[in-house]
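Participant: Protein sequences appear in the order of chains B and W. So in the numbering used here, spot 159 of the first sequence is number 166, and the numbers just go up one at a time. So in the numbering used here, spot 188 of the second sequence is number 256, and the numbers just go up one at a time.
The hints are simulated quantities; they were obtained by calculation from the structure and are not laboratory data. Treat the hints with caution; some may be incorrect.
[What the hints assert, rightly or not] Computed Cβ-Cβ distance ranges for the label pairs, DEER-style: (1) W:K379 - B:E210: 40 to 48 angstroms; (2) W:E105 - B:G268: 30 to 38 angstroms; (3) W:T153 - B:T72: 29 to 37 angstroms.
Ideal Cβ placement from N, Cα and C applies to all residues, glycine included.
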Amino acid sequence: MQIRLAVISNAGGSGKTTLSVHLAYELGKRGYNVALMDLDPQGSLTLFCGLNPPEPEQTLAAVLTDKFDGNWPLTPCWDEDTKQVVVCQGGMILTQTADELVLHKRGVYLLGDCLTDYPLEHDLIIFDCPATLGPLPLMALAACTHLVVPVQLEPKSIQGAAHLLEWYYYHCRHLRLKPNPEILGFVPSQYDSRKAVHRQIKESLPTQLEQMNIRVFPAIRNSAEFVNASGQGLPIHLYRKTHPALGDFKEIASHLANLIGKPFKKAKKSL
Amino acid sequence: MSTRKAPNINNYFSSAQKELQLSEAETEIQQLKAEIEELRAKGSTELESSLTTLRDQLQSQSSIQSIPLAQIEPNPEQPRQTFLTESIDSMCRSLKSDGQLEPIILIQREDLVIFDGERRWRSAKALGWESLQAVVIPEPVALHRKALITSLHREDLNPLDKAEAIVRELSDQAGLDAVSIPRILSTVVRRLNKQGRMNQIVELMTATEPEQQESLTAMELDEKEQAVLALLLDLQLNPASIDANIFPMLSLATDLKTAIRTSGLKGVHAMCLQKLSAKNLGKTEKKAQSIRVKTTQKVIEEKLSVKETRKLVSEVMSSFVATSSKPPIKKKQVDGIIGRVQSISLDKIEPEQLTQLKEALQQKLREIESALLE
Numbered sequence: 008m009q010i011r012l013a014v015i016s017n018a019g020g021s022g023k024t025t026l027s028v029h030l031a032y033e034l035g036k037r038g039y040n041v042a043l044m045d046l047d048p049q050g051s052l053t054l055f056c057g058l059n060p061p062e063p064e065q066t067l068a069a070v071l072t073d074k075f076d077g078n079w080p081l082t083p084c085w086d087e088d089t090k091q092v093v094v095c096q097g098g099m100i101l102t103q104t105a106d107e108l109v110l111h112k113r114g115v116y117l118l119g120d121c122l123t124d125y126p127l128e129h130d131l132i133i134f135d136c137p138a139t140l141g142p143l144p145l146m147a148l149a150a151c152t153h154l155v156v157p158v159q160l161e162p163k164s165i166q167g168a169a170h171l172l173e174w175y176y177y178h179c180r181h182l183r184l185k186p187n188p189e190i191l192g193f194v195p196s197q198y199d200s201r202k203a204v205h206r207q208i209k210e211s212l213p214t215q216l217e218q219m220n221i222r223v224f225p226a227i228r229n230s231a232e233f234v235n236a237s238g239q240g241l242p243i244h245l246y247r248k249t250h251p252a253l254g255d256f257k258e259i260a261s262h263l264a265n266l267i268g269k270p271f272k273k274a275k276k277s278l
Numbered sequence: 069m070s071t072r073k074a075p076n077i078n079n080y081f082s083s084a085q086k087e088l089q090l091s092e093a094e095t096e097i098q099q100l101k102a103e104i105e106e107l108r109a110k111g112s113t114e115l116e117s118s119l120t121t122l123r124d125q126l127q128s129q130s131s132i133q134s135i136p137l138a139q140i141e142p143n144p145e146q147p148r149q150t151f152l153t154e155s156i157d158s159m160c161r162s163l164k165s166d167g168q169l170e171p172i173i174l175i176q177r178e179d180l181v182i183f184d185g186e187r188r189w190r191s192a193k194a195l196g197w198e199s200l201q202a203v204v205i206p207e208p209v210a211l212h213r214k215a216l217i218t219s220l221h222r223e224d225l226n227p228l229d230k231a232e233a234i235v236r237e238l239s240d241q242a243g244l245d246a247v248s249i250p251r252i253l254s255t256v257v258r259r260l261n262k263q264g265r266m267n268q269i270v271e272l273m274t275a276t277e278p279e280q281q282e283s284l285t286a287m288e289l290d291e292k293e294q295a296v297l298a299l300l301l302d303l304q305l306n307p308a309s310i311d312a313n314i315f316p317m318l319s320l321a322t323d324l325k326t327a328i329r330t331s332g333l334k335g336v337h338a339m340c341l342q343k344l345s346a347k348n349l350g351k352t353e354k355k356a357q358s359i360r361v362k363t364t365q366k367v368i369e370e371k372l373s374v375k376e377t378r379k380l381v382s383e384v385m386s387s388f389v390a391t392s393s394k395p396p397i398k399k400k401q402v403d404g405i406i407g408r409v410q411s412i413s414l415d416k417i418e419p420e421q422l423t424q425l426k427e428a429l430q431q432k433l434r435e436i437e438s439a440l441l442e
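This is chain W alone, in the form it adopts within the complex:
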């Protein structure tokens, strides 16, 4: 008798387990809320007094003022460069129904620059408001780093904004040319991978800063490479993953960058769509862009998965490559061929092979002559 297969009842309970997890999460939220209430009620005197001090300080130094929107400038160092319409819309609704709940925070420079509250500022402009409640503070040190650290580890920062923010931070801190940073990183990652030493770097992520410095110095890297790796590790970022997943965003076509910022296109999808380049399609830049934009729209509208996007991209590619013949060989390439033929040193070749070469060239010559006659 063959052994009978037991029914697998594991799958049956997966949804129920998800519901349970939801319930547990909710209970936890309730408990935390209760704890917060309790702490507040206790009046935990220490916190209360420091809050009062802070409030007093703010009152005296920079009380809440009404600032005309026209005087407010967005922060060019804001790591979040993406503000989706939906998120502005929802803020608009909130401002409209509840008014402005918290003052925005501005930094006193030549203009008043937003430190916190860009979404509210954009929404207020959209609503046609004249001014916003704001607190003005003096310039904090290393503003970008603070803003970066607060948003870098948040999931909602898209990889493109993340890439730009990291490059800006690295170039500020190490005094490197922003454009060269991705290249420096990719060179050192490739080399360390080849040497099998990349793991040592990744392991350093959890080490202390002095340990990181010591290990990096011991690896005898180029000065710039060491600086880039040290700063990434200091930001608790995995250099290998930044090189593979984040920095490639910087070389995306402009239309794809726009799609990430305005339509919520995901980084991985953008990388797939990037394959639809003028070179791969054998089209002009302009034509390739229009193909890409159309395909991108489809990906976003139909919410395609990465796998589906890859499939679509290869379908689009084969449809265009099939209709257009192979791209014509450029003049430069022909020059190269001529140069190579002319520079063959005959004295280094065995007689037998010389005969073969002669036959091949004669054959080609006949083809050229008949091509010229046409």
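Only chain B is shown next, with the shape it has when bound in the complex:
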């Protein structure tokens, strides 16, 4: 089954792109075909994947027009190590797309429509969303099968995530999504065990979310190496091959792998 995973958080710096990139790499290494899509006008994925800044026609913005002909602008990344991961880049042009979406008849459903009309054969498609609850994440919500919420273990970030849940329930009803995308879970990020507030919230968050049937995955630890790796355009796996933080992604990656099932072998047919 193809999983379309929206990585959403309305707080900046909560680790959306970090989580997207590392999940893509982990699943790629397990033999799945992964497409990363950057819905963020900042184009962070370009940086995190070590790619060159794209021309506007080579971004997701080109897909989200009525002229789109099914030729997805997908760029391979980390291709010395894996052939499994491609990126559909974002960029400033997406701010214009966001404005136009509001007036478009199928606005919120546009990305979902593109994936229906011109399906991708990847096992996993990851939507890396900007840090707002605006039209772009809403479009990702309407197009995804699952969503995952990275969250810092600090009051402001938790409060933001609570609002995100309100937003999610409200829009699932109002967009009449059938079926509703599922919340895969929360992923605590930048966990620093030396900080009391991090330990306390890490302790109490699962109880809160359990009441809503939402799972909390193991925390991703705080490490300067994440920042360093992103500067090199690499996942930490390729930057520090034995770093202990590598293990932090195992559980959520296995969970995704279970959902997808066996990798979908691309039929080798000539186009």
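Could you slot chain W onto chain B? The hints should help.
Facilitator: Just chain W, lined up with the frame of chain B:
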């Protein structure tokens, strides 16, 4: 080092939880709708055939007729005596745009009395319609009880209508004078409370009818008291709560009753406003009523909470009581004082106290004399 207080993140998620509950409710509605559709589609033959029978019966006995509005009478036993303008308005809109969807049901008495459809009837009159589609049925037994049971446990029946409906039902069933019923109940509740036995009554709410009867008989109550309690329990009503919250509505001032029925004033608010009585304000009935009406309007317009209403009432009271001096002592009270002074039996009082009494009376006498000189 002092222990640091953990941030309480419970509150953060309360709105999200509400949204979730809404979504779950909606899903449930969808599922139920789907189930209904499925059942209908299955044609569940049994239901379908009984519906057909019923429809046939209605067709033959009392087919749908067009009845002039003038021939239709409202049901005096209708437990719902309150029809807010908003609810009539919305029915008017529906009648105007979609026409009459279902026939109203009338009972054949001397006149045609509404069994079901009073809101439609009122709305049709407001719209200036001449007639309504109706089905006429023969008089059902215990009409009021049926109508009462269907609406008693609905939240939208206001406590005043509820109180009147219950009193009517009790007086019909037990043959008691309607006016005496609240008093009978309050007497027995007060007594049982004093004896600490009220809990036993409340526990009976979930018992079977024979069990209720048996326990009530064992409590050796007055015949009327037993009848009232038995009937309330049979209607699955808590006698203590009826006594405390519902029956007091019956003694509300007329203007407050009107406000409940026409402006949607809540029972609890009405009880607060009731404190603005002629006696408490030291005013005439008329003046007190005008103060009450003004205050009630404010409560309704500003949608005040119970707490705010209480505060407002006490403010209004103190503003009036402060400006007017203490109410004059009535003649009757003075007569009482004179009577008590005259009837003091001196032989029962110790000499020491007699001296005190003498001094007090002399002091008072001097005050009276100087008051008379003024």
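Participant: If you check each hint against the structure, which ones fail?
Facilitator: When the structure is compared with the hints, only number 3 turns out to be violated.
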